[in-house]
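Sequences listed follow chains H and U, in order. Counted from 1, the first sequence has number 7 at position 7 by full-length UniProt numbering; the numbering is strictly sequential. Counted from 1, the second sequence has number 242 at position 242 by full-length UniProt numbering; the numbering is strictly sequential.
I should point out that these hints are in silico values taken from the structure, not numbers from a laboratory. Some hints here could point you the wrong way.
Copies of one chain are not kept apart here, so a pair can be met inside one copy or by any two copies together.
[To be verified] Calculated pairs, EDC-like style, for lysine to aspartate or glutamate (alpha carbon to alpha carbon, straight line, at most 20 Å):
{"#": "1", "residue 1": "146", "residue 2": "83"}
{"#": "2", "residue 1": "467", "residue 2": "258"}
{"#": "3", "residue 1": "265", "residue 2": "363"}
{"#": "4", "residue 1": "467", "residue 2": "203"}
{"#": "5", "residue 1": "265", "residue 2": "192"}
Please read all numbers here as calculations on a predicted model, not as lab measurements.
Protein chains: 2
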Amino acid sequence: MKKLLTVFFICTAFIANAQKSTENLVQYVKPIVGTQRMGHTFPGATVPFGMVQLSPETDTASYDLNGHYNPKVYEYCAGYQYEDKTIVGFSHTHFSGTGHSDLGDFLIMPTVGKLKLNPGTVDKPHSGYRSPFSHANEVSEANYYKVKLDEHNIIAEMTTTTRVGFHQYTFPKSDSAHIILDLMSGIYNYPDKNVWTYMRVIDDTHVVGYRLTNGWARTRALYFAMTFSKPFIAHGYKNYSKREVYGGFWGKFNQTKDFPEIAGKQLRAYFDFKTEEGEKIKIKFAISPVSMDGAVANMNAEATTWDFDKVKNDGQAQWEKELHKITISGNKELKENFYTSMYHTMINPTVYMDVDGQYKGLDQNIHKADGFTNYTTFSLWDTHRALHPLFNIIDPERNADMVKSMMAHFDLSPEHMLPVWSNSANENWCMSGYHSVSVLADAVVKGNAPFDANKALEDCVTTARHKDYLGIGYYMDMGFIPDEKDANSVSSTLEYAYDDWCIAQMAKKLGNTAIYDEFIKRSENYKNVYDPKSGFMHPKTADGKFRKNFDPFTTINQGFIEGNAWNYTLYVPHDPASLIKLMGGNKRFIVYVDSLFSYNLPDKYFAETEDITKDGIIGNYVHGNEPSHHVAYLYDWTDKPWKAQEKIRMILPKMYKPTPDGLGGNDDTGQMSAWYIFSSLGFYPVAPASDQYAIGSPAVDGATVQVGGGKTFAIHVNNQNAKNVYIQKIVLNGKPLDKMFLSHADIMNGGEITFFMGPKHK
Amino acid sequence: MKKLLTVFFICTAFIANAQKSTENLVQYVKPIVGTQRMGHTFPGATVPFGMVQLSPETDTASYDLNGHYNPKVYEYCAGYQYEDKTIVGFSHTHFSGTGHSDLGDFLIMPTVGKLKLNPGTVDKPHSGYRSPFSHANEVSEANYYKVKLDEHNIIAEMTTTTRVGFHQYTFPKSDSAHIILDLMSGIYNYPDKNVWTYMRVIDDTHVVGYRLTNGWARTRALYFAMTFSKPFIAHGYKNYSKREVYGGFWGKFNQTKDFPEIAGKQLRAYFDFKTEEGEKIKIKFAISPVSMDGAVANMNAEATTWDFDKVKNDGQAQWEKELHKITISGNKELKENFYTSMYHTMINPTVYMDVDGQYKGLDQNIHKADGFTNYTTFSLWDTHRALHPLFNIIDPERNADMVKSMMAHFDLSPEHMLPVWSNSANENWCMSGYHSVSVLADAVVKGNAPFDANKALEDCVTTARHKDYLGIGYYMDMGFIPDEKDANSVSSTLEYAYDDWCIAQMAKKLGNTAIYDEFIKRSENYKNVYDPKSGFMHPKTADGKFRKNFDPFTTINQGFIEGNAWNYTLYVPHDPASLIKLMGGNKRFIVYVDSLFSYNLPDKYFAETEDITKDGIIGNYVHGNEPSHHVAYLYDWTDKPWKAQEKIRMILPKMYKPTPDGLGGNDDTGQMSAWYIFSSLGFYPVAPASDQYAIGSPAVDGATVQVGGGKTFAIHVNNQNAKNVYIQKIVLNGKPLDKMFLSHADIMNGGEITFFMGPKHK
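Bound conformation, chain H alone (with noise of 0.2 Å):
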């Protein structure tokens, strides 16, 4: 009977899946969420992970808390903020929810009239060849975006293949078209981060070059391959750089208009047409982090077409295989969010390789990648969190890939280690610990790694044995790192602490005592910075005494990075119960937690936190940056997990919107996004390299997970809506569950789980 049942449960799942699967799902993907104050996300076009993300830049160069302009605070990070009012063109890269940035290559304007080679500037647009623009005229799609440029009259359109944008641009009738490509222009150009471009034009139709920047990647170089629909009738540059040596003798050839090739610090060219009424000029973009002949070979294996809407149609029908991997049941706001949250977990990491396979590594020499796509833009200290574990469940082994894409980088890697902040053959360093052991054990725990997982073993191992590296050293001789050496010495213990569990599970895994021994004990080491008498997570100096001066609210200077005390105690997602303990148990332990989201921060506490608005914190709880994105299910090794489920509900509709100020921080690459995902589920992992995920309060009035191999997990959830948040009864697989843990086999094997939900928690 209970065989029967099971199996009559799975067809049902099935049944469900199919009627889904027909769905069109893009309909619900929003870019524009994020796009408004700290999101970081950007409106435009790109495939799942593609290496081309197209997208208008609209020249903020900062903004201040609020999302307004200020050069005094905020970086610029996707290029793109919703309360700008003109576009100064649209370029081929971009980061998606950062909270640095880079990028933003190859800027291409469309324009008519007197030709202007200036971006001109906000306050002036007609100064120069922006234009202003209206949301009103603005879609924005998954693979597709598309605005009407005021100034010159002219409909942009654009999508793209994995390595090549697709602009379509609708002109009126002029005699005077130009198409502008700035080599100048990037995200966060300050203070000079051109080092070099370079721009062939072969022929009337087509042009390559490559630009060589100096920015949050130290050395990066980015190349292109060009094609126009019409040829151009003329074409020029100017270079807005000092004079060159030697310039005078490439002046034999009038090198101004119609110059075969040119290279320089600041370059901007146009190319002149002359067009009909309604006339579209298409082009083709390819980049490539080899050469122009890898952007060339590029160009020819994606961009066999000129149809745009084929293109385009390719690019979401990838999206919509993409997002069927979670099908769910709810309403508009809810699939927007759901969706709109899938699609921004699938930005980054980018693909970072030719159609060859050749790839820049980290040496600055070009590779191969042997039997993997290679990828770029980790943001580990993010995404090790919920993104990587997301993709675990439904995409393990483009996972694995990412797992392979960072093996090589520590191959390459001239300090030997793993990688921190991996942005296109660079190593940013940005933030701490060394996350990438979190993203490798879990593959290796989760049983997902077609990988050689004792090599694996081996880079954490030296990467977490590497005492150069910001305090390792003290943290390994002494158990922590003292506060006179280092300004976040406690978050970087604990960090280290999660990261040498992490280290422990998977020698565990692999049968290696020796460093699972190691490690488990350093993973402990946590203890060592928790001062029972502030009853926090507290710095300390070398002599083993705890720091006087000590404000747990305040994020600077008192040990932590991009966090306070507050939030920082509770970072010990791999041993919850022993924190508790250590905290006083279980009565105190939740009242810290209540406390933490009940208490109502000063605003000269706000002011100070990074990344995030206002209303990417709750009390003193801050969801709009990551290290406290487990706590609220801390509250399942209490006996009032509940509490949990209470929370989860209150943060998921504060803090995911499906409008454009929809995020209350950076989306981070992903992570943000993948907490969504997780939580709206009814799950997530607390501890990524264990096994286990904490179970929260589902969202969704179902869902269906497709794990691979055919088999799907189905969540039923009965009776639930924003009053009943709280779980009644689990039942999984035809039997209760009774604890507020799922395992990943629970997951990867099939079947449904069922959450019965209430107004009132049990």
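Dock chain U against the given chain H, drawing on the hints supplied.
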């Protein structure tokens, strides 16, 4: 009988050759010749046509016509000026004898004592790492250079393979010995040549990196791999450029000391050692135009030993082989002049590809040379005259590879032109004409064309029809370049006419009548700028009138480049007979040329003459620059060829001495030296692309030229000395020669020629 005699003579030649072949000829090579004043040669180490040319830098920014420091006058081109008192270090790339500068990559300097990372100044040598030195402690040989660095009491020695520089530094005992790698240093750095540099310390004996410069080559990248014979005990760097974007992130490591990698615009690095008295630290330093991996591969292929003497001896053996292609009889001074000239003809062009055949093309992509060695450093305005014709006799295979390199350049040229001045995957456009066609035509006409000769002709024709380039359009449409359209209208018209004749000869050889007809007609365009009234080639305006204000002595604004009307009027190398007619016939022509040599040029004219010392001028005849190199031989077309003999024997000792100041002008990558080789052997290629050589007056007592296939061309000179400069009789292969011309076949078929000399002309 006749036959027997010939056999006898040939046997004699063979015996003579066999006897001479064991003589050490490297002993006569004095690389120091031309390093004083305007020769612009360098004294350092290289194998023939080496990619690495490792030589000391004396850091003279610029100097005047007498070779004295003057920052406002001339560039420092080869890195070394004999009169300088200090050496700043040893760099790996140099031009030999050019008039403009670039290169000087990767400067290495050993020091002891307090670390100084600035080179210091000439006035205060102790303020930096530079060292005083003395010529008494200097040895400069083919592929070997040695000097004592007085400041540091270090003996520096260097030698090379084609792609690897070998350094050997003998230190005193020191606890503080350093080897500095200065990535900022370069030749003619003004105003800001370095674009970007990168360095990666792999371990304590291996370093790789690259440098991107914007110099005479607009965009030049060079990669390196460096290996120390002894592990350094510490290393560090200083960045002399302004702060970098996000520079702080890399500060997570202490990168100043023992950094793993660094990148920036202005870097100097150091490596620390402890040394015993007399301890040798050696460095292998490989370069590549392709990549760091390429440099490593070049290192592995060529630098398999640490035996410095072996590398030196192997390289000198290469020189012996090359030098033995012409063995001569004569005194020591003659041999020093001759073999130093031979040496200087084999420095440039330079190999420009890795051991695997990969090289960077003019399109900035990586290419693979298919069946040839790729070369760069083509100073064709100079070298088409005698250097490439010399190669067609003694090294035809290499010359054909150079032609193939030039054709590969054409294939990648965005302007679709053969090289004008090719420098490391860049076109400098230096000087006028399209003289590569002379090189291609000379090879084809002389039967040295193991390449697609018809394609070569096409490349020439396409180049010659490039209407946008330097007045070619006017030249094609009007038969001359109007004075008002180009500052060098007359010299360009003359040069194009000669080049066009070359194309015609090539077309004739290939049976292409249409091209022959077109270009033989163009080759007569020189007539259009001859003014019978002034008696000179004369600037002419578009209305067909000759310019009124005209000074045939000055080189400034008279329609000529690097020459005056007096010299340039004789520039019709392809048709002296017609020129003589045009200028009023035999008698008037002789008076004209006589006057050229006897005129006492006022100092005011001398002061404006570029690239030559006053010693480079005889009367108004300018031997120190190329346009007059054929002039003395023009007497062969008159009834007084003995005047050619007289003038040539006057020029030879005046212009070529085996002393540092022995060259009267830029050696121009070997053209000046090639003139010496030909002229001292007794003949000269007045018009390359003809198969004729005009006979002068041999200055050797005899010579044997290896012409390939085991054949030799023996030159016997009877009764020659400084007074006996006049030819009494010539016997070619046993037959009296009754003309003043030799054919290419006469030489290349092997055989012998005997000059009978006397004190009076016949």
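For each hint, the structure was consulted:
1. 146 - 83: Only inside one copy: residue 146 and residue 83 sit 17 Å apart there, 68 Å across copies, limit 20 Å.
2. 467 - 258: Classified as between; 14 Å across copies, 56 Å inside a copy.
3. 265 - 363: Close across copies (18 Å), not inside one copy (24 Å); limit 20 Å.
4. 467 - 203: Intra 55 Å, inter 17 Å, cutoff 20 Å: inter-copy only.
5. 265 - 192: both (10 Å within a copy, 12 Å between copies)
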